[in-house]
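K.L.:
Chains as they are written, first to last, in numbering that gives the first Met the number 0: chain A, 0 to 192; chain B, 0 to 154.
Read the hints as simulated data drawn from the structure, not as lab findings.
Don't be surprised by glycine CBs; every beta carbon is placed ideally from N, CA and C.
Worth double-checking, as some hints may not be accurate.
Residues of chain B clear of chain A, computed beta-carbon distances all greater than 12 Å [said to hold, decoys possible]:
#, residue
1, Y15
2, E25
3, L48
4, I65
Which residues of chain A face chain B? A few of them, derived with a C-beta cut under 8 Å, are [unchecked claim]:
#, residue
5, G19
6, E21
7, R25
8, E46
9, Q50
10, F53
11, H84
12, M127
13, L153
14, T160
15, L164
16, K170
17, L173
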Amino acid sequence: MDNSQELLLLERIRAGDQAGFETLMRQHAPKVVGLATRLIGDRSEAEDLAQEAFLRLHRALPGFRGDSSIGTWLYRTTTRLAIDHLRRERIKRNLFFFRRNEEDPDPLDTVPDPRSNPGRDLHTKQAMARLRQAMEKLSARQRAVFVLRHHEGLPLQEIATLLGLETGTVKVHLHRAVTTLRAELADVYEDVP
Amino acid sequence: MKPDCLNEPDLILLHYGEAPDGTTPEAAAAHLAACGSCRLRSTQLAAELARIPAATDADPAAATRIAARVSERLDRRFRWLPLAGAATASAIALAMAIVVFLPGNQSPAPSPQPLAASPLLIASLDLEDEMPDIDFLEDLELIRNLELLQQLEGG
Chain A
0 MDNSQELLLL ERIRAGDQAG FETLMRQHAP KVVGLATRLI GDRSEAEDLA QEAFLRLHRA
60 LPGFRGDSSI GTWLYRTTTR LAIDHLRRER IKRNLFFFRR NEEDPDPLDT VPDPRSNPGR
120 DLHTKQAMAR LRQAMEKLSA RQRAVFVLRH HEGLPLQEIA TLLGLETGTV KVHLHRAVTT
180 LRAELADVYE DVP
Chain B
0 MKPDCLNEPD LILLHYGEAP DGTTPEAAAA HLAACGSCRL RSTQLAAELA RIPAATDADP
60 AAATRIAARV SERLDRRFRW LPLAGAATAS AIALAMAIVV FLPGNQSPAP SPQPLAASPL
120 LIASLDLEDE MPDIDFLEDL ELIRNLELLQ QLEGG
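Only chain B is shown next, with the shape it has when bound in the complex (with noise of 0.2 Å):
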């Protein structure tokens, strides 16, 4: 191999029509021509390059199967969705009403009259002042589980 012979890569670009990094189109046609190396190298890549199979083509039903799953995927995504919007549309407005009536997100009441109107805004309040002997009860079942397991140890 001369030194101003074509390099593998050069050799593969040429194969498939592209031109070559390391020289001009022109100038590579006119070296292939000229070296009976090169030429050699070339024919045995397209050889070997020719000999490798393609996949086989695809079913020809193919195309009809997948354009019905597709259709029915599609389908069964429009038959669902005025239903999703409508559940969508009422989680959204259960959530603003969570929101309107929460005890913390209530503006200021001018008086206790409003307030004492509404049993859900009761109700929240009256949990709110049980909140700490709900704590308490919770560490009570604590200390009970925990001497349960003294006895079940000691036991």
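For reference, chain A alone in the conformation it holds in the complex (with noise of 0.2 Å):
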């Protein structure tokens, strides 16, 4: 859909075309799911939060004055939902097991992943696992510039704006998130011939 196109969708919504509001998220759900799934590597919670992106879209269109396309603001408000999300989850995870120091080992680290299904493609589930593990250290904004640029392959001046951001701090968080992954991915690199 063009931003012609999309222009005219939004005066559809906007006159009260609720079935115009649904094209729109049929269109534009995928990607949010995808990129939500990546940011917080669980999908029924990405699922959750593609859903609140979409009611703040909802409640955003009156005043939506088209200064930048849809699907720019819905990885805007995923970005910022999934890092005040990774934020929350890190706080309640510190609370619970009483870590004193974030510098500590996340006692979660040490748990078997219960998702984990060892009768089907085992490769590539302890990989997503040990994925996940290395995700777990990188701050919430490191990994979501991380992932905004590995995975979905936006420029990194795209993801300041984003953000909200200097292109340096994010240089910055990319070569961190870099670093910190080859580092805790190293033995699974040594495995692979």
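Each chain sits in its own coordinate frame; assemble them with the hints.
P.N.:
The following block contains the structure:
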């Protein structure tokens, strides 16, 4: 859907066409859920997050000026919701385990992942579990920058705009994220021929 | 590693097609072509990053599911909106009525005639007159409770 079609659809929605909003959701939902899943690593929570992003979009539509596309707006909102979610989860986890220091090892890292299914595609499952553990070592912003650059392929300048950061700060986050992931996944790299 | 070799942050930026901070992209590319050590580090970085698994794509049914859930939430909101509006209007009307009829907010009446005509105002004025007695009764109640506590402790 190009910009003019999107603007027409927005007009229909503003005029009260609820079916138009459903069309918009069906068009953007796969990308939004995919991004949310990559950002927070849990599909069910990612769907809740996507749902919240669409509800916020609906609230924002009357004042939507079209400075950015709906897709960009959703990317920005989803990323910010995911960063908030990751920060809240970290605080909850620290409180639950009475971890006094952020540098202390995360007790959840030592607990086997209950979602793992040993009977099916073991190698992929293990790789995903290791990646999830490694991603846990990143701060919410480092994680967001890495996912947006590595998986979503967004230029750093665009990521800076999405997150409201300086490009230099985004570069630092990317460097720290890559360095941490390489260190955390070093043994995985050694196992692979 | 030579002094003019590319540092780690610049190698990462180059890998992602971004301009490095320490040098121009052309100079960095020329250095990579000439320096075996940097080329090896760059290749190693690319190989390691390529092995990072991407999260599996979203469930194709997720879009339908989310659209249905959001629509349901919006429907529910719109269904309650007129009722919520009516309730808010009633609450505002009630609040305004209370403010208007409160004795403290009445402008000084020219004569006692209009005040006596309103039973609500009569009740309010009576209550105000009784206020010191109510305070006194509360004090009495406290003394009784204190006495009871003393008896319990003594007994």
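K.L.:
Take the hints in turn and mark each one as holding or not.
P.N.:
Results of checking the hints against the structure:
{"no.": "1", "hint": "Y15", "in the structure": "violated, 6 Å"}
{"no.": "2", "hint": "E25", "in the structure": "holds, 19 Å"}
{"no.": "3", "hint": "L48", "in the structure": "violated, 7 Å"}
{"no.": "4", "hint": "I65", "in the structure": "violated, 5 Å"}
{"no.": "5", "hint": "G19", "in the structure": "violated, 12 Å"}
{"no.": "6", "hint": "E21", "in the structure": "holds, 5 Å"}
{"no.": "7", "hint": "R25", "in the structure": "holds, 5 Å"}
{"no.": "8", "hint": "E46", "in the structure": "holds, 6 Å"}
{"no.": "9", "hint": "Q50", "in the structure": "holds, 5 Å"}
{"no.": "10", "hint": "F53", "in the structure": "holds, 5 Å"}
{"no.": "11", "hint": "H84", "in the structure": "violated, 15 Å"}
{"no.": "12", "hint": "M127", "in the structure": "holds, 6 Å"}
{"no.": "13", "hint": "L153", "in the structure": "violated, 10 Å"}
{"no.": "14", "hint": "T160", "in the structure": "violated, 15 Å"}
{"no.": "15", "hint": "L164", "in the structure": "violated, 15 Å"}
{"no.": "16", "hint": "K170", "in the structure": "holds, 7 Å"}
{"no.": "17", "hint": "L173", "in the structure": "holds, 6 Å"}
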